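Could you put together the complete structure from these sequences and hints?
Taken in sequence, the protein lines are chains U and P. This note's numbering numbers the first residue of the first sequence as 1 and each following residue consecutively. This note's numbering numbers the first residue of the second sequence as 1 and each following residue consecutively.
Since the hints were made in silico from the structure, they are not lab data. What you are looking at is a predicted structure, and each value in this text was computed from that prediction instead of being measured. The C-beta atom is built at its ideal place from N, Cα and C for all residues, glycine as well. Just so you know, nobody snuck in bad clues.
In silico contact screen, one side only, chain P against chain U (beta carbon under 8 Å); selected entries: (1) T244; (2) E281; (3) N282.
Negatives, chain P to chain U, calculated, CB over 10 Å: (4) Y48; (5) L83; (6) M120; (7) G336; (8) R399; (9) D466; (10) G492; (11) Y493; (12) K497; (13) Q515; (14) P739.
Chain by chain, the residues run as shown.
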Amino acid sequence: MGEFKVHRVRFFDYMPTAIRAMAFNAHTERLALARMDGSVEIFNFTDHYFQEKVIPGKDSRSIESLCWVGGRLFSAGLNGEIAEFDLENLRPKYSLEAYGGPIWTIISNTQRTQLAIGCEDGTVKLFEVLEEHIQFERNLDRQKGRIISLSWHPSGTHIAAGMMDMIRVFDVPTGHAVQRLLVDRGFGGSKSRETVVWSVAFLSDHTVVSGDSAGKVQVWDGHTGALVKTHLVTKWDVLALSVSKDESSVVAGTSEGTVIQFQFIAPTLHQQQDKEWVRTRTFKNHTHDVRALAEIETAIVSGGMDTHLVVRPLLEKFDEKSHASGLRKIHFPHRNLVSCAKKAGLLLFQFPGQLELWRLGDSDGHGKPGDRLPLKRKPEKLLLLKRKGEDHICCSALSSCGGWLAYSTVSCVRIYRLQTDNNNISITKVSKLPKALRSAHQLCFSSDSSKMFAASSQSSVLVIALTQSECKYVHTLKPKSGSRQPIHLMTTSVDGKWLAAANSDCEIHVYNLQKLKLHCMVPVYGSCPSAMGIHPTTNNMTVVHADQQLFEYSIVEKQGLHNVWLDRDTPVTHVTFNPKNPNQVVLHDMHMFCIIDQSLPLPDQKTQFYNQMTLRSLSEQERPSHLHAFKICKTFQDLLCVSLLDDQSLVVVERPLLAITSQLPAPVRQKKFAT
Amino acid sequence: MVEMEIRMVHRGGSKINFREPVITHDSRFLLCAAGESVNVYSTSTEEYVHDLQGHTDLVTGVVLNPSNHLQVYSCSADGTVRLWDFTDAILIKTFIIGYPIYSIYVSEKHGGVVFLVVPMANYKSSELFQLVAVHLPHSGDQEVEARELSAVLCDVSPHPGAASFGREGEYIAAVKGLQLEVFFFKKQKSYRFSLKSGMKKGAKNAFTCVSCHPKEDCIATGHEDGKIRMWRNFNQKKEYTYSTLHWHHGAVNTLCFTPEGTNLLSGGIESVLVHWHYTQENQKDFLPRLGAAITHIAVSPDGSLFSTSHSDNKITIIQSCVKVSAVIQGLVKGDGVWTNLIIDPRSKALVLNGKPGHLQFYSLHRDKQLYNLDIVQQEYIHEEGLDQFEVVKAAFDARGDWLATVEERRKKGAELEINLKLWAYDKLTQSFVLNTTVTTPHEDRITAMFFSPSPETTMLVTTSLDGHFKAWLLADHSDANEGFWACDFVGGYHLLKPGCCSFSADGSLLSVGFQEVVTVWSPASWELLTTLSQPPGAIRDLCFGRLSCSKYLLGASTKNQLCCWNLLTCSLEWSTPMDVSLLQTDPLSENIAAFCSQSGSSDLFVFKPSEPRPLYSQKALCTGKVQHAVFAPRDQMLESCEERTQWLNRSQLYFFTQHMDLLTFSTKTEEDRLLASSKQLMVDDSVAVTPFYLLLGKHRGQQLEKQEALTNPMAERTQLPQGSIAIKELLHTPAHVLPSASFLCAMFVRSLLISSSSAREEKEHEEGEMEREKEEEDSEGEADPRLGESAAWGPPEEFGAPALTKAQERELRKVKTFDHSWLSSLLDC
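Dropping the structure here:
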């Protein structure tokens with residue numbers, strides 16, 4: 001596999017923000033997830049939970065609630081605005097002031113004709129969903145106290161609203177409140193504090209389920225307003241509720257980080273009439289508040305303050321154990337936040353609000369494999385570049401010579417010229433940018449730094465020529481397919497001849513840069529590409545998909561891959577090549593990096609996949625018969641980037657999860673046994 | 001049958017916590033398996049009422065007969081199921097199954113069927129068990145063979161808590177290892193649910209017990225890591241679901257739903273009864289400080305009483321969930337008996353390790369624990385794997401004025417902690433009071449400790465592995481307050497480790513065994529008198545002969561040698577190759593009992609050192625080594641002239657088997673006597689029959705009567721004649737032997753009227769009537785000619801009114817006399 005000098009980088013203080021809201025679209029099987037910083041992520045649950053799209057956040061935007069209406073995604077937040085997102089251009093399409101103060105929640109009816117929002121001033125406002133817009137329709141009876149949560153009865157005639165100390169049931173046609181369900185306060189000291197009904201669920205049999213700040217999950221009869229059952233589940237708050245599609249199960253997320261399942265079960269096995277809600281399982285996958293929750297067909301999806309998304313499969317829905325029935329935790333974004341200048345040995349880290357440029361450390365020591373070398377020069381932070389404006393950075397790029405730096409937000413693209421001589425660094429903003437370059441989904445420099453490529457709307461790529469002082473628009477590359485989906489991956493070949501761009505429709509287009517023309521379209525595979533790269537010498541393209549399939553184009557790998565490889569649960573996010581050894585491809589995901597040696601045969605199902613240990617124990621003669629193409633290294637964990645520099649040293653950017661956890665606020669206090 | 005005359009018997013000290021007890025329907029009695037019998041206790045007074053004897057091996061289960069709540073089934077390892085009438089301790093039927101039975105389950109729905117756990121037929125020796133259903137045949141015979149077994153579940157756990165009947169007996173749930181199996185009788189189908197071992201995550205998911213909700217389809221299972229899982233929807237392979245409750249930090253030993261299913265009770269090593277509210281699992285109540293780990297929980301059928309069995313051989317009865325109302329304490333058998341068996345000279349009680357850190361005083365005659373003496377005086381922490389102080393040695397002086405105890409804490413890797421405590425008997429408080437504590441009396445473990453039996457001095461000798469023996473004396477009597485103990489002499493012999501010591505009967509000689517060498521010392525001058533040695537083999541046990549044999553010293557060595565030295569000649573008198581594990585002298589005679597272990601079982605020899613032939617020998621007494629035995633002096637001497645049983649005349653030999661069963665030897669005559677005395681005690685009103693009650697209750701009753709008579713002279717007059725024996729009899733006679741109701745009705749109603757005659761007259765009538773009845777009994781069948789009196793049927797002047805001819809009257813009387821004699825004959829047998 002070869003030996004490398006490794007830069008083990010741990011100074012990227014990447015900090016994901018807390019998950020605030022979640023909405024699952026059962027039709028398209030997409031999960032929309034809103035974070036505290038106002039960004040929205042779309043996960044494709046049919047494609048190995050791949051993070052398909054990211055809509056960058058904005059300082060003034062806060063999202064409290066998300067809601068799908070068909071394929072359209074709406075959000076509402078404490079800034080009092082309702083926004084619809086443009087999922088093709090990854091930006092808000094429009095936003096609308098609701099004039100009701102901060103908005104706590106937004107829901108739609110099952111008929112997809114109306115939206116309802118709950119406002120701080122105690123109104124429930126109904127909006128009509130039009131073709132391209134939404135329009136205010138009317139208010140329901142105004143209440144005293146804020147509306148925290150809403151749930152629409154599946155028939156569309158009633159809305160349950162969770163408020164302070166009570167739940168109201170509204171009749172939608174008349175707009176009057178028909179029921180008033182009083183929620184008890186907590187015990188002891190919290191008696192004086194108002195109970196916040198954080199979440200309600202209106203079931204089709206007119207049962208209302210509520211979760212409140214006193215730690216109760218309560219079941220009410222919506223017709224009579226009678227309390228049917230109280231489950232005291234936590235000392236703290238019940239923050240989120242979600243109902244399964246067949247309404248046989250309700251999950252509740254609490255401040256203690258637990259997700260508690262309730263099932264609608266008959267007390268006796270043979271007579272299935274008098275069912276009741278019984279507390280059954282408890283899942284504990286979070287350390288902090290579970291703020292967002294969705295129960296989908298086969299799994300429970302939860303997220304919260306501890307920033308990671310957990311997909312907990314319901315094992316009874318699976319016939320046998322498979323990789324789909326394993327617990328999945330998604331910590332890192334499925335895209336690159338690190339760009340590496342291979343020639344210059346610089347690293348660019350992308351944060352939502354800033355960019356950091358670091359120079360790697362240097363060492364001239366030698367040692368045995370596994371040793372730590374002494375540093376001659378420490379890694380150094382050269383530059384901290386704060387973005388302008390409210391919009392968060394959505395992508396960034398560093399040219400391989402280290403002379404150019406570019407980033408883009410939703411509203412603008414900025415390109416900087418970097419000059420480093422020894423210890424002095426100067427940065428100049430390129431002032432005149434072509435008009436066509438307004439925003440980009442992806443940025444990429446050619447290997448000789450003479451061109452920059454920016455992925456623009458409708459899968460088109462702008463080609464910008466860079467000279468010492470200015471940049472000039474050259475051409476727009478357009479795909480033939482007419483796809484409107486955004487490009488999320490882009491790569492160029494070393495010789496500067498080819499550019500490959502992949503979009504969310506799973507299409508990969510290869511452009512000839514000399515002719516500035518579409519060269520070909522790679523055969524569409526059913527899963528989204530998660531990483532790709534073009535080989536420096538052979539110009540073969542290697543593509544890794546979200547379902548862990550690995551293709552090399554021009555010579556298509558026909559043989560099936562090993563199951564151990566296919567069953568990994570985090571997508572490969574980066575592909576790079578070893579310029580010295582053309583047979584070696586370097587891939588990495590969150591938990592490992594892997595060098596694929598194309599000169600060796602692929603492992604078949606019977607061979608041992610992780611064979612380094614056995615190889616070491618074998619003699620020189622036996623070794624070749626056991627070799628296979630995949631060499632896995634798990635020494636480094638929680639990887640954000642693995643890249644090979646031109647000087648044959650490997651850069652490994654780690655972000656230990658413990659470091660993220662330690663930066664989170666303290667969780668709620670819980671009495672732990674024996675403490 | 002001379003051989004059979006001496007019998008080994010379980011006398012007292014049997015395990016009452018072995019199986020789950022049963023509380024009867026009226027909550028008056030508690031039945032529990034105790035050794036080879038079933039004991040019946042009163043729940044209100046915790047007093048032993050009687051026992052159900054008949055099984056010839058360990059009783060392994062007791063359940064109420066679901067079709068008759070006055071009957072109880074018991075099963076035993078002897079392969080029989082017996083049906084008893086527990087109120088009168090009558091064996092009704094014996095069903096012979098033919099396999100050792102480990103537990104029994106019954107359900108109301110399955111009438112006439114009992115479910116038993118027996119070893120798998122093909123693997124009799126192995127550890128595989130199956131649950132079988134047995135149809136109990138209807139037959140008039142006392143002993144019935146029931147060999148039609150039909151297997152229900154294979155490979156079940158023999159532990160009785162590992163299976164439970166579900167709602168209305170529709171299914172049975174059984175757990176073993178990591179698997180729960182539910183068998184539905186209607187569909188004849190079973191579902192299995194497995195858990196992962198969970199070892200990786202630090203959980204121990206193995207099942208320990210199971211209990212089914214009586215009204216709903218919910219199964220509660222207990223687990224080794226203290227979790228309780230509530231299973232629902234278990235008639236499906238995949239869509240089943242469970243919720244988890246977790247409070248216990250140790251394994252859940254037992255689970256029990258209350259009869260209405262509103263509560264779930266659980267218990268474990270924490271010795272806290274946890275009381276979960278069904279459907280509101282967050283709410284739970286606790287009953288803490290129950291003393292020892294809970295092993296079983298039983299609930300009375302009306303739910304008013306709970307009983308918890310504990311690992312220290314105790315049953316606690318709990319009233320209305322919160323109040324401990326009674327404690328039935330058996331002989332505490334902790335982890336081991338380190339102190340040996342000792343007889344307290346004062347109370348004649350058996351003294352041994354009791355609760356952790358305690359000594360228990362157990363009355364052998366009454367089979368009752370007298371009290372516990374807290375030796376360690378530290379809080380015991382109910383958790384496994386902790387090193388805590390334990391009492392390892394105890395000794396009484398000859399008069400019972402002093403008690404010496406040694407406690408030690410064995411810590412892995414750390415220094416050994418030893419305390420020697422001396423306790424003085426306080427006559428006022430009737431208990432022992434701590435006098436002196438010596439911390440670290442020796443550097444190493446103490447191997448033996450004895451008081452000098454001489455009446456002049458109170459001296460204590462301890463031997464230890466540190467190579468010394470020490471003599472302790474009560475110092476300084478002159479002080480106003482009592483003296484304290486101090487070390488008087490430290491002795492040793494060539495740095496050898498002393499293993500045992502013994503005083504001669506008069507206290508003039510002390511022998512200490514230093515490995516192969518026996519040294520004899522004079523305690524008066526601490527002079528080494530002589531050394532005796534008989535290699536090879538270290539001396540394991542030493543004892544002096546008594547009375548006429550006091551010139552002999554006996555020693556048992558590890559190399560299968562029993563030696564007897566004559567102390568006058570200082571030479572070996574005799575020796576014999578025996579692997580003696582224990583030597584025990586009878587304090588009241590010359591007899592010495594030697595327990596030998598041979599090929600996995602123990603033999604007993606009782607002999608006099610001066611005589612070549614043993615008085616008594618018994619081969620293969622029990623399996624395993626006998627480590628603890630004691631001669632308990634009798635209250636009354638037996639006067640047996642039989643040569644073989646003479647050694648039992650003065651004292652009784654008790655010993656502990658490997659499995660901690662307390663056994664003793666008994667003769668036929670003695671058993672007969674005991675049986676007779678127990679018969680005497682039986683009184684028909686069996687609730688709360690304590691000797692105390694008999695004494696006080698009678699007295700009080702009389703007093704009450706007197707008082708009533710004094711304060712209210714009219715009381716007797718206003719008393720209704722329901723109390724009349726004749727009426728009672730009429731009501732109790734079976735209907736089919738009585739004349740028709742219409743015939744009796746008028747008479748009966750009239751008899752209920754208050755008679756106008758004076759009270760005294762009535763009394764006379766009654767008396768007369770009783771007398772007459774006696775006569776009637778004697779002259780059975782004779783028609784009574786004295787018809788004129790007719791006292792039984794009320795006042796004569798009223799009786800005359802109905803149109804009853806004399807012939808009819810006679811007929812009626814005949815019926816009555818006949819009937820009564822029949823009843824009385826039944827009562828007699």
